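A.B. asks: Residues per chain, in single letters:
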Amino acid sequence: MTVILYTLAVSASLALILGFLLGFFKKIFFVETDPTVAKIRESLPGANCGGCGYPGCDGFAQAVAAGEAPATGCTAGGRETAEKVCAVMGVAGNIVETVAVLACQGSKDHAVPKGFYSGVQTCRAAKLSTNSIKMCAWACQGLGDCVAVCRFDALHMGDDGLPHVDEEKCTGCGMCITECPQNLLVHFNKTDKGAFARCNNRNPNKPQILKGCKVGCIKCGKCEKACQVDAIHLVNGIPVVDYEKCNSCGDCVAACPTNVLYLR
Amino acid sequence: MNEYVKIFLSSMLIDNVVFIQFLALCPFIGMTTDVQKANGMGVATSFVMVLATAVTYPLYNFILLPLGLEFLQTLTFILVIASLVQLVEFYLKKSAPALYSSMGVYLALITTNCAILAVTLNCISKSYSFTESIVYSLGSAAGFIIAMVLMAGIRDRIRLAKIPAFVKGTPVLFVAAGLLSMAFAGFSGLIK
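Sequence order for the protein chains is A and B.
The first sequence begins at 1 in this note's numbering and counts up one residue at a time.
The second sequence begins at 1001 in this note's numbering and counts up one residue at a time.
FYI, nobody ran anything at the bench for these hints, they're computed from the structure.
If you're wondering where the values come from, they're calculated on a predicted model, not measured in any experiment.
Quick list of in silico lysine-lysine cross-link-like pairs, DSSO-like style, CA-CA up to 30 Å:
(1) K1037(B) to K26(A)
(2) K26(A) to K1094(B)
(3) K1093(B) to K39(A)
(4) K39(A) to K1037(B)
(5) K1093(B) to K27(A)
(6) K108(A) to K1162(B)
(7) K1168(B) to K108(A)
(8) K1168(B) to K169(A)
(9) K84(A) to K1093(B)
(10) K27(A) to K1094(B)
(11) K127(A) to K1168(B)
(12) K127(A) to K1037(B)
(13) K1168(B) to K114(A)
Throw the hints in and build the complete structure from the sequences for me.
C.D. replies: Written out as structure tokens, the structure reads:
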């Protein structure tokens, strides 16, 4: 009987003492936190993708509250998140929603490989050791660094050996864009419509380009001549479209001999 | 002095918490994705391990033992360790925010870490003195950090290796852990 009483007494008093101690210390070591930080943090998606340039959503929330980061800095959350954060901060914000788009068509059927690559299976390692595992030095390496880094399940490796962006899921956070050693993924504004060039080859030598890839841009300039609204120009050898002017007529797409351009 | 060195070495290498006693396998697999993270977790755990031993030893010897309540040790130790971790968390949050943000996330995980409870219970069952207990927990903590950092280093290599699909992910980690543990079994003849 005494054992049971002792047990009760010891465990009850221990629990009481520890409970009081914890409550007491919580008061002593109370840290004041900015309530806006918590509010901003609540409206963020919480993926900790790092697309904003801060270490996770907590870091971004603190930076916004401190006025260091713009309220529209969360690209992953899109318009909804930006509006919520702007409402908390009491500022007006204008956010452009983007998706990542691959500027390469160097699939297994199109691009010729240099040889058999059996090294470390990441794009970065392949780029470092061989410059490019395909004949085209600008081609997608197809080893999926971008797929591995995507936090939103928006990128998948297709059977053709190229990553495919699921534009429904893509938030435009830009992690894949910074990860790609070939800089082949680019931000594309969701509101823009028009022609887009799926090639990044800067080589001016036409036979060399065609030897490595059947669908590479050969710098012929036919798209430039075909455009009636002066919206497409070759910049460093690649057609760049001015989406303010482009009216999606499709003349450049029809004129392109190697099928580099497409309308989106 | 010689005795202390013996206890330290044997708890660190011969009776390594992870490789020989197979304790704390969850942080061992979960927190070793990179060396820095593993180190943070290791240091935080060691800190709590030594602190917990320093608190639970007198609790057992001066309260539970005289009252004949040895059977309460698991219950009270868990209680004490959990609240101790909470206290440390409050303290760090206030006085060292930088340390808290790097260690804080791990502290909550440590609350129910089996290695810490095992070390405190082992000190009792081996009937060590207070100083011996502290040395034993220090050695176990050092062994835990070694295990974590070793595993993080191995995972760096595993990431770049070609691994058959059927052991990809966690299985290959356990295979590597098994091989490491065999290597650690070689220390068993170190101290007679």
